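Participant: Build out the structure end to end from the sequences listed, making use of the hints.
What follows is the residue order along each chain.
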Amino acid sequence: MPRPEFVYVTYIETTPEKLWEALTSSEFSRRYWFNTELKTDWKIGSPFALVMNGTTTDVGEILEADPPRRLSYSFRHVRDDDMRNEKPTKVVFAIEPHGKLVKLTLTHEGFAEGSKLLDGISRGWPAILSSLKSLLESGTALAIPPSALGIEGMS
Amino acid sequence: MNKPEFVYTTYIETTAEKLWQALTDGDFTERYWFGHRVASDWKVGGPYQFTKQAKPTIEGKVLVSDPPKQLAYSWDSCSPEAKRERTSRVTFDLEPRGKVVKLTVTHDNLDEGGKTLRDISGGWPMVMASLKSLLESGRVLDIYPPSAAAKETTCA
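Line order of the protein sequences matches chains B and L. Heads up, the first sequence is in this note's numbering, so the first residue is 584 and it goes up one at a time. Heads up, the second sequence is in this note's numbering, so the first residue is 1340 and it goes up one at a time.
Because the hints were derived from the structure by calculation, they are not lab data. Note that the structure is predicted; figures quoted are calculated from it, not measured. Take the hints with a grain of salt, since some may be wrong.
Stated by the list, open to error - Derived pair list, reagent style DSS-like, types lysine-lysine, alpha-carbon separation capped at 27 Å:
1) L/K1438 x B/K601
2) B/K686 x L/K1391
3) L/K1342 x B/K699
4) L/K1391 x B/K683
5) B/K686 x L/K1454
Facilitator: See below:
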């Protein structure tokens, strides 16, 4: 039986340094992450928060920060009533040069069986990472309507 | 217990019609799919085949052809190791969402722990990344294929 987790791989025409910056800078994240800001100083053990349109949606702490190779934080949803009581999960970004491209592997793990948060993030990450790839390759993020994700509370 | 399946979703700034063409036109697939050309008349029940340098690599039957919304085909790999595995199935769902198209590829009916599952789990993210870049920028990603593709064998 596979553990409940979400893994997503993509290949981006960029450098590991630029991808690291895109994953850690609110200037970038506001553009590809549905107007989400990243509130943290990226030091191991520091608090971390995702703030979407001024509302904190998810919190955690920095577990690993090894630029430009590996970034990890714990992740707990705090907005939706059904999901805020789920146990903390873990997000890991692995950045690897792949020829002239960069391979990005996102692993989001640590979910309980039947997790509603797992369903939500499984819809969210492909949109966020698709938009990130477009932004880094073309300079323009995708205009994905938030309602397209089919996530409660995202519209 | 369900058979393993692989699901991958990406969002592409294009139209459903252009995306359909990119999935069904050999001149297009050759550019983003590691040199693999697809050929078919895309009629349900009819055959399709991928070839690389004129040698067959993947073949099967068209199961669903509903342009520009859904395309599905059966999938038999031509590699000897995968030949013993069951015939799997690939389904593409194209859903316009504002100015972008949501593309979901579902590859199911796979053998547990088989070569096909291993190959396609590494392959689809590359093919989808390359397809997205080509449709959005007009340029092909300079992506080198999975090592397995280097020693391809044919159906013949």
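Participant: Next, verify each hint and record whether it holds.
Facilitator: We went through each hint and held it up to the structure:
1. L/K1438 x B/K601: Holds, because 26 Å separates the two Cα atoms, which is no more than 27 Å.
2. B/K686 x L/K1391: holds (25 Å)
3. L/K1342 x B/K699: holds (23 Å)
4. L/K1391 x B/K683: holds (23 Å)
5. B/K686 x L/K1454: Holds, at about 22 Å.
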